[in-house]
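Q: Sequence:
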Amino acid sequence: MNVLYVQYWDIDRSKEDEYSSFVINKYNPGAKVAGLEIVGGYYVEVGVGPSTIACFTANDLSTINECVHNENFINLNNELLNYVDNKRSLLAISTGRIDLKKYKIQEGIWKWNHYYTVKPEKKESYRAFIRKAIEIIDKIDFVELTEEWHILYGGFSDYLLEMSFKDPYDIARLMNNEDFREMEKLLKKEIITDYSSKILRSTERFEKPRWITF
-4 MNVLYVQYWD
6 IDRSKEDEYS
16 SFVINKYNPG
26 AKVAGLEIVG
36 GYYVEVGVGP
46 STIACFTAND
56 LSTINECVHN
66 ENFINLNNEL
76 LNYVDNKRSL
86 LAISTGRIDL
96 KKYKIQEGIW
106 KWNHYYTVKP
116 EKKESYRAFI
126 RKAIEIIDKI
136 DFVELTEEWH
146 ILYGGFSDYL
156 LEMSFKDPYD
166 IARLMNNEDF
176 REMEKLLKKE
186 IITDYSSKIL
196 RSTERFEKPR
206 WITF
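Quick note, the sequence shown lines up with residues -4 to 209 if you use this note's numbering.
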């Protein structure tokens, strides 16, 4: 099972150098020791903040539970508050409908993340939609349908659908793709509520850290 643990925050711009040093030299290594695998860090370019996102994965929920009760990791998160504001967390599990492979770090990419809740009476329609979405997006060579997550806590909706791009221009290309627009229109009109989205840019602070071997 892929488990996603996300932390959001706004950096105190008056302490940006100290923040960068802390994240690279203490926070990232400490998260690894606590049992988390770092899979990306992002800036929110379009959408509601907080503006910085750190993404971690684990193989199961028990690992996350052990991590958040790890004294050293608790202390690191308390120390992090010296450099950031508006800190929040999100926990989600993979639905297994998009990709069953282990979730890996992605370098130098952009993401268009979609957040929503499926209407109770539309569960089967939603499953059919996901199957159709996989079929359509597989034919488009500039976008990857990366993962579908069921949000357990920390969000304002139930699902997160992740799309990855090498170039932000390709997000605009997808928005203008006729098949995608029809699919998106159906989803928003008939199947889901509480929709929002964010466009994210990866940050070098979390790209293939030197203390991790891939």
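Honestly, the hints are just simulated from the structure, not real lab data.
Only a predicted model underlies this, so the values are computations on that prediction, with no experimental measurement involved.
Any given hint could turn out to be false.
[As the list claims (entries may be wrong)] The calculated DMTMM-like cross-link candidates involving lysine to aspartate or glutamate, where the alpha carbons are at most 25 Å apart (straight line), are:
#, residue 1, residue 2
1, K82, E61
2, K180, D162
3, K82, D7
4, K184, E116
5, K118, D94
6, K193, E179
7, K193, D174
8, K183, D94
9, K99, D133
10, K134, E61
11, K180, E199
12, K127, D165
13, K117, E177
14, K117, E173
15, K127, E40
16, K82, D174
17, K134, E173
18, K82, E116
19, K96, E32
20, K114, D189
21, K161, E179
22, K114, D165
[Said to hold, decoys possible] Just the calculated beta-carbon pair ranges, DEER-fashion:
#, residue 1, residue 2, range
23, G42, E199, 35 to 43 Å
24, D162, D55, 32 to 40 Å
25, F151, S57, 37 to 45 Å
26, E185, F151, 28 to 36 Å
27, G42, D162, 17 to 25 Å
28, P115, S9, 18 to 26 Å
29, R168, L56, 31 to 39 Å
30, N171, S9, 38 to 46 Å
Backbone N, C-alpha and C fix where the C-beta goes; we use that ideal spot for every residue, glycine too.
Q: A separate judgement is required for each hint: does it hold in the structure or not?
A: Hints, one by one, checked against the model:
1. K82 with E61: Holds, because 20 Å separates the two Cα atoms, which is no more than 25 Å.
2. K180 with D162: holds, 24 Å
3. K82 with D7: holds, 12 Å
4. K184 with E116: Between K184 and E116 the Cα gap is close to 14 Å, so the pair holds against 25 Å.
5. K118 with D94: Holds, at about 19 Å.
6. K193 with E179: holds, 15 Å
7. K193 with D174: With a Cα-Cα distance of about 21 Å, the restraint between K193 and D174 holds, given a limit of 25 Å.
8. K183 with D94: Roughly 23 Å separates the two Cα atoms, so the pair holds.
9. K99 with D133: holds, 19 Å
10. K134 with E61: Distance ~41 Å between K134 and E61 Cα, so the pair is violated.
11. K180 with E199: Since the Cα atoms of K180 and E199 sit roughly 35 Å apart, the hinted pair is violated (cutoff 25 Å).
12. K127 with D165: Distance ~21 Å between K127 and D165 Cα, so the pair holds.
13. K117 with E177: holds, 18 Å
14. K117 with E173: Holds, at roughly 24 Å.
15. K127 with E40: Outside the cut-off at roughly 28 Å; violated.
16. K82 with D174: Violated, at roughly 38 Å.
17. K134 with E173: holds, 13 Å
18. K82 with E116: Roughly 34 Å separates the two Cα atoms, so the pair is violated.
19. K96 with E32: It holds: about 15 Å lies between the C-alpha atoms, which stays within 25 Å.
20. K114 with D189: Distance ~10 Å between K114 and D189 Cα, so the pair holds.
21. K161 with E179: Given that 25 Å is the threshold and the Cα spacing comes to 21 Å, the pair holds.
22. K114 with D165: violated, 30 Å
23. G42 with E199: 35 to 43 Å: violated, 21 Å
24. D162 with D55: 32 to 40 Å: Because 35 Å falls inside the window, the suggested range holds.
25. F151 with S57: 37 to 45 Å: Roughly 26 Å apart at Cβ, these two residues miss the hinted range, so it is violated.
26. E185 with F151: 28 to 36 Å: Cβ of E185 to Cβ of F151: about 21 Å, so the range 28 to 36 Å is violated.
27. G42 with D162: 17 to 25 Å: Given range 17 to 25 Å: holds, Cβ gap about 18 Å.
28. P115 with S9: 18 to 26 Å: Given range 18 to 26 Å: violated, Cβ gap about 47 Å.
29. R168 with L56: 31 to 39 Å: The hint (31 to 39 Å, Cβ to Cβ) holds, given that R168 and L56 are roughly 37 Å apart.
30. N171 with S9: 38 to 46 Å: Taking Cβ atoms as reference, N171 and S9 lie about 41 Å apart, which means the hint holds.
Of the numbered hints listed earlier, those contradicted by the structure are 10, 11, 15, 16, 18, 22, 23, 25, 26, 28.
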